[in-house]
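Residue numbers (this note's numbering), protein chains in the order written: chain B, 1 to 748; chain L, 1 to 287; chain C, 1 to 159.
To be clear, the hints were calculated from the coordinates, so they are not data collected in a lab. Ideal placement from N, C-alpha and C gives every residue a C-beta, glycine not left out. Be a bit skeptical, because a hint or two may be false.
[Claimed, not checked] Distance ranges between label pairs, derived from CB positions:
# : chain 1 : residue 1 : chain 2 : residue 2 : range
1 : C       : Lys31     : B       : Thr581    : 52 to 60 Å
2 : B       : Thr207    : L       : Pro22     : 51 to 59 Å
3 : L       : Val81     : B       : Pro110    : 50 to 58 Å
4 : L       : Ser261    : B       : Val183    : 13 to 21 Å
5 : L       : Val81     : B       : Ala381    : 23 to 31 Å
6 : L       : Gly231    : C       : Lys155    : 50 to 58 Å
7 : L       : Ala248    : B       : Ile662    : 27 to 35 Å
8 : L       : Asp63     : B       : Ser433    : 46 to 54 Å
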Amino acid sequence: MDRSPALVVGASLPRVDGVAKVTGKARYLDDLDVAGVWHGVTVRSKVPHGVLEGFDRDPAFDWSQVVVATAEDIPGANSIRLIEDDQIAIVPVGGTVMHVDEALAVIAAPTRALAFAAAKAFKPRIKALPAVLSIDDALAVTQKIYGTDNVFKQFLIRKGHVSDAEFETHFARAAKVIEGTYVTSPQEQMYIETQAMMAQYDERDGTFFITGSMQCPYYVHKAMKHFLGCDADGVVITQSVTGGGFGGKEEYPSMLAAHTATIAKKAGKPVKIVYDRDEDIAATTKRHPSRTHHRLAVDEQGEILAIDVDVVMDGGAYLTLSPVVLSRGVLHAAGPYRCPVTRIRGRCVATNYPPHGAFRGFGAPQTTFPYERQIEKLARARGEDSFAIRRRLALRAGDSTATGQVLGLSVGSDEVLDAVAAVAGHPPERDGSNSNGAPVKRGRGYAFYFHGAGFTGSGEQRLAGKAAVVATTTGFEVRSSSTDIGQGVITMFTQIAAGALGVEASRITVVDPSTAHVPDSGPTVASRTCMVVGGVIDRAGRALRERLETWGRDHGMPGASCDELGVIYATQHGELAETVTYEPPPGIQWDDLTYTGSAYPVFGWACCLVDVSVDLDTYEITIDRCVQAVDVGKAINPNIVKGQIEGGTLQALGWAVIENVIYKDGRVWNASMTNCIVPTFADAPDLETIIVEVPYPFGPSGAKGVGEIPMDGPAAAVANAVHDALGVAFDTLPLSPESLARGLGGAS
Amino acid sequence: MTADYVRPRSIKEALEVRAAHPDWMVLAGGTDHMVSANHKSDPPGILDLWRLEELCFIRADRDKVSIGAGATWWEIQNHAVIGNRLTPLAAAAREIGALQIQARGTLGGNVGTSSPVGDSLPALLALEAEIEVASTRGRRRINYAEYCTGYRTTKLAPDELIVAAHLPLPEPTVSLVWRKVGTRRAQSISKVMGAAAITVSGDVVTSARVAFGAIADRPIRVTAIEEAVKGQRIGNQAAEAARMAMRASIKPIDDVRSTASYRREVAENLVARFFGQRGMIRRAVGP
Amino acid sequence: MKIALEVNGKPVHVDVSPWKRLLDVLREDLKLTGTKEGCGEGECGACSVNLDGEVVNSCLVAVGQCGGRKVTTVEGLANGDILHAVQKALVACGGAQCGICTPGIAICASHVVDRGLVDFGDEHARARVRELLAGNICRCTGYQLIVDAVIAAAKEVGQ
Numbered sequence: 001m002d003r004s005p006a007l008v009v010g011a012s013l014p015r016v017d018g019v020a021k022v023t024g025k026a027r028y029l030d031d032l033d034v035a036g037v038w039h040g041v042t043v044r045s046k047v048p049h050g051v052l053e054g055f056d057r058d059p060a061f062d063w064s065q066v067v068v069a070t071a072e073d074i075p076g077a078n079s080i081r082l083i084e085d086d087q088i089a090i091v092p093v094g095g096t097v098m099h100v101d102e103a104l105a106v107i108a109a110p111t112r113a114l115a116f117a118a119a120k121a122f123k124p125r126i127k128a129l130p131a132v133l134s135i136d137d138a139l140a141v142t143q144k145i146y147g148t149d150n151v152f153k154q155f156l157i158r159k160g161h162v163s164d165a166e167f168e169t170h171f172a173r174a175a176k177v178i179e180g181t182y183v184t185s186p187q188e189q190m191y192i193e194t195q196a197m198m199a200q201y202d203e204r205d206g207t208f209f210i211t212g213s214m215q216c217p218y219y220v221h222k223a224m225k226h227f228l229g230c231d232a233d234g235v236v237i238t239q240s241v242t243g244g245g246f247g248g249k250e251e252y253p254s255m256l257a258a259h260t261a262t263i264a265k266k267a268g269k270p271v272k273i274v275y276d277r278d279e280d281i282a283a284t285t286k287r288h289p290s291r292t293h294h295r296l297a298v299d300e301q302g303e304i305l306a307i308d309v310d311v312v313m314d315g316g317a318y319l320t321l322s323p324v325v326l327s328r329g330v331l332h333a334a335g336p337y338r339c340p341v342t343r344i345r346g347r348c349v350a351t352n353y354p355p356h357g358a359f360r361g362f363g364a365p366q367t368t369f370p371y372e373r374q375i376e377k378l379a380r381a382r383g384e385d386s387f388a389i390r391r392r393l394a395l396r397a398g399d400s401t402a403t404g405q406v407l408g409l410s411v412g413s414d415e416v417l418d419a420v421a422a423v424a425g426h427p428p429e430r431d432g433s434n435s436n437g438a439p440v441k442r443g444r445g446y447a448f449y450f451h452g453a454g455f456t457g458s459g460e461q462r463l464a465g466k467a468a469v470v471a472t473t474t475g476f477e478v479r480s481s482s483t484d485i486g487q488g489v490i491t492m493f494t495q496i497a498a499g500a501l502g503v504e505a506s507r508i509t510v511v512d513p514s515t516a517h518v519p520d521s522g523p524t525v526a527s528r529t530c531m532v533v534g535g536v537i538d539r540a541g542r543a544l545r546e547r548l549e550t551w552g553r554d555h556g557m558p559g560a561s562c563d564e565l566g567v568i569y570a571t572q573h574g575e576l577a578e579t580v581t582y583e584p585p586p587g588i589q590w591d592d593l594t595y596t597g598s599a600y601p602v603f604g605w606a607c608c609l610v611d612v613s614v615d616l617d618t619y620e621i622t623i624d625r626c627v628q629a630v631d632v633g634k635a636i637n638p639n640i641v642k643g644q645i646e647g648g649t650l651q652a653l654g655w656a657v658i659e660n661v662i663y664k665d666g667r668v669w670n671a672s673m674t675n676c677i678v679p680t681f682a683d684a685p686d687l688e689t690i691i692v693e694v695p696y697p698f699g700p701s702g703a704k705g706v707g708e709i710p711m712d713g714p715a716a717a718v719a720n721a722v723h724d725a726l727g728v729a730f731d732t733l734p735l736s737p738e739s740l741a742r743g744l745g746g747a748s
Numbered sequence: 001m002t003a004d005y006v007r008p009r010s011i012k013e014a015l016e017v018r019a020a021h022p023d024w025m026v027l028a029g030g031t032d033h034m035v036s037a038n039h040k041s042d043p044p045g046i047l048d049l050w051r052l053e054e055l056c057f058i059r060a061d062r063d064k065v066s067i068g069a070g071a072t073w074w075e076i077q078n079h080a081v082i083g084n085r086l087t088p089l090a091a092a093a094r095e096i097g098a099l100q101i102q103a104r105g106t107l108g109g110n111v112g113t114s115s116p117v118g119d120s121l122p123a124l125l126a127l128e129a130e131i132e133v134a135s136t137r138g139r140r141r142i143n144y145a146e147y148c149t150g151y152r153t154t155k156l157a158p159d160e161l162i163v164a165a166h167l168p169l170p171e172p173t174v175s176l177v178w179r180k181v182g183t184r185r186a187q188s189i190s191k192v193m194g195a196a197a198i199t200v201s202g203d204v205v206t207s208a209r210v211a212f213g214a215i216a217d218r219p220i221r222v223t224a225i226e227e228a229v230k231g232q233r234i235g236n237q238a239a240e241a242a243r244m245a246m247r248a249s250i251k252p253i254d255d256v257r258s259t260a261s262y263r264r265e266v267a268e269n270l271v272a273r274f275f276g277q278r279g280m281i282r283r284a285v286g287p
Numbered sequence: 001m002k003i004a005l006e007v008n009g010k011p012v013h014v015d016v017s018p019w020k021r022l023l024d025v026l027r028e029d030l031k032l033t034g035t036k037e038g039c040g041e042g043e044c045g046a047c048s049v050n051l052d053g054e055v056v057n058s059c060l061v062a063v064g065q066c067g068g069r070k071v072t073t074v075e076g077l078a079n080g081d082i083l084h085a086v087q088k089a090l091v092a093c094g095g096a097q098c099g100i101c102t103p104g105i106a107i108c109a110s111h112v113v114d115r116g117l118v119d120f121g122d123e124h125a126r127a128r129v130r131e132l133l134a135g136n137i138c139r140c141t142g143y144q145l146i147v148d149a150v151i152a153a154a155k156e157v158g159q
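I would like the entire structure built from these sequences, with the hints used as guidance.
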């Protein structure tokens, strides 16, 4: 059997962890059986803004059975280090409560039931302050809750002009101006495994061991060094098998690690905290809600003269990752269309909501929705076919983006458009009826969009992600901090390493990501894991193979396979590790101050087609058909890539139509799975997935990224399809039946 | 203190326990009572009626179907006579939750809770179900239309248990309709739900029973509609009468799942459709 | 209260409150952690088990009700090392990603296949599979490859 690398990469190898998962043998955090473990529960604020005055303990409760930790018990600094150190881990007495469900204390007990009972008996006293509960209130500074203007971060990106006055001239001379306001909703990640963490404190040497459901062990590590006041060896962070993340376990686990570490140290016991579903929905991060005002000016021929974007996002109560979410949002805001003059303004504001955070797409879905709606409206205004206009205006190699990046390598714009055109077929009949006897209107919508792979600009250079491929006596190990959260990292790295070494996949072990054993490869986010870390592993594997083969030749084993040489070498000399640091491709120029240049080394490209029916009795939208063509550069494992595209697509369709997070007086009103709904099997259509490969020479075997891009476009495609069906524009997500009823001039 | 537990072998035994311990939880499938059970303290006792043989039956004869309180939604939807002759009930059974809920949820549970969004309840109303209840003092039957007295409150006495529902079989010529509008296609709570049994002579409505859920504090028969459609021709005439009567009768609410105005409009649309409205009801929709 | 039941073909005895959820008894008392908690309210199906031949949410079953009854969990689906056709198909088709919903899906899908609940020759077979599995929420896959797996498993067992 030919074991050449070409056959391993590109093959739909069944997942390495597949059997463990279908047999129930895979052990998630709450499955781990640790002797003497106690259970922790968090006491939370019911008030969005106020001063914590103190606590009252119910005297009828036997407090000797439990251990209570407050801010005073924090070993180091009371903040979660991320971009800034602004987010408080546990509000101290006398401190300011900044959002509903902010942590005020952590209680541990031998049983969960006892811990919950104690939490009920431990009552905080909070003096309420007026709260900022909308973007408008934040901008109007009804209360100062961050700095002087409640703005966490802002951007202004100019292309093709110098002043606002000059910019406006392009609108003044336009043949048509398309203008609209677009509102996107918060969205709950709804990983089926809730947030879960366990901490143990070793009193003998003062080391903390923290294990849990997470995407980024080194983010947690960095936050814990600061929080616990220890050095790099003072805390070990290990990822347990993780039941979904989607970004929701990018930054939040640091908070949970802080809580479990604090209570574990105080209790002198290992403590695990596993969130209830309702608590998880209420207290953890959501997709940033946004409001965008978008103008586009075209000439008589329909060429875009200028694009003006003004996006505001709600960051919630602390800065956390908002600057980066906003950054990705603004960098995608002008869309994959030719335009010589663009002005993109972005602001992220502070409100007294639980902080919003990372969720697949990370700002791009929020700004893709407006631009794809605008292109749709442009097509309608010009009487132009909505697919043809996208083809006509699409960026291609040689064109430049809104930051002035000239697209060169792996530009799959035509390819994804071709792929959808090939299968689109005729649009459905406009009028019909459904099985309930209700009349329906049908429509078709498209979205064409892109997603930058990896960290922005010089981010990857600063991250300097590392990974190692190691020859041991029992085979080869891959050591990286990249986490498998369902997206198939273990399998993908196995294939890449096997291909690079020229060995069978079964000879590869991807080591559990623990900061004690693996280097910092950077976080598992930003669609970078395959392109960046996979690329590093590929290089490390090839380099290790070369070293071993050279050693073999020098030691009288010229014909030995890499596999054999690895074992022989390790047996004689101990393990042989090849550690490689990521080097970005040459020639990427990026200016962080003006936000111009090459924002990303390469973009993924996608085109989505959606056919909908709208029930005219109930205004319910049915997705009858959804096609996604995605250019991923190279599919290392096509079946896994297909699964990623389909999962992301359905999350986007859900966001478009049925998902929402609804707040009342600053708290999540629909904090249960019953009311914070996601699509079921019955809500999803059969998805048509087309994997397009336009290889990127600087990615492993040509691979770019796939994790996030499927999330960016479908919501706009749905709104475009509804616009086609009903002849009415709906520009606010979700496209709920209630909003359709209202928009069509309801009977109320 | 952990709960006591009794699994009676007969209705008689169950009633004795019920009489002795009216504060015990009556548990069958548990799909309602067991939600978040890990956060609820033990009840004083559990009277477990799950698969109590005398409650698990579906009997059809020439003019009625009797369904034991222990029958599950899976059994109800798969019963041939219910599927053919009591179609709203079968339809409701198929749309309750999903497979796992249908395997455990019982008729007795749905009636016992009598939530305003109970999925089978508008069907029971429209099909004129009689609820048979029993105690050590004897048995009685209550027409389901009179069973609910308020929000999740019913005429069931503290020492009574629900034993069965008896549904007369409508003539095959009676038109039976049902629709649930939920938050999504499965595992969903109703926003609006309606059921109707409509008798026509020629094409004129001679009588109708119209029931709706999720638009009041309990499932209701909308008698104003039943009056308004009498003598009207099936089609746009009866539909319009039904719609106007619905508008005048109901006061739905805003809640976490939907709005009053949406519920009102959709309830009107559903009932119009039940009475044969043809074409679009709202004229404002474009091409 | 002492409760005797059968789990995965073996007799089991526990002494717990009858109110304790079957889910917690499986996970805590019997150390069978394959069955997962996703919501605690019967919405997500991650806790699905087979109870006396029906698939149910074990978070909604009081263990007192299980005396004398038979429970099969995901740990009991395979026959030693021989995976159930659904388990094999889920691996082969890529129907498991993060895997947390997978035990519940395996339990329900194997029930659907074993009991012949879908006419797999029918043109609406996929829609019917979706309807029957709608009580199992998956956030990772978008469901497509799971439906493929169920169809493949049914074919293998000759449905």
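Going down the list of hints, with the structure as the test:
Roughly 43 Å separates the CB atoms of lysine 31 of chain C and threonine 581 of chain B, a value that falls outside the hinted 52 to 60 Å. Against the hinted window of 51 to 59 Å, the Cβ-Cβ separation of threonine 207 of chain B and proline 22 of chain L comes to about 57 Å, which satisfies the hint. Between valine 81 of chain L and proline 110 of chain B the beta carbon distance is about 55 Å. The supplied range of 50 to 58 Å therefore holds. Remark: the range hint 13 to 21 Å for serine 261 of chain L to valine 183 of chain B is upheld by a beta-carbon distance near 20 Å.
Range check, valine 81 of chain L to alanine 381 of chain B: about 58 Å between beta-carbon atoms, so the 23 to 31 Å window is missed. Take glycine 231 of chain L and lysine 155 of chain C: their Cβ atoms lie about 57 Å apart, and the range 50 to 58 Å holds. Judged by the Cβ atoms, the range 27 to 35 Å given for alanine 248 of chain L and isoleucine 662 of chain B holds: they are separated by roughly 30 Å. The given range of 46 to 54 Å is broken by aspartate 63 of chain L and serine 433 of chain B, whose C-beta atoms sit roughly 35 Å from each other.
Going through the hint list in order, the structure does not satisfy hints 1, 5 and 8.
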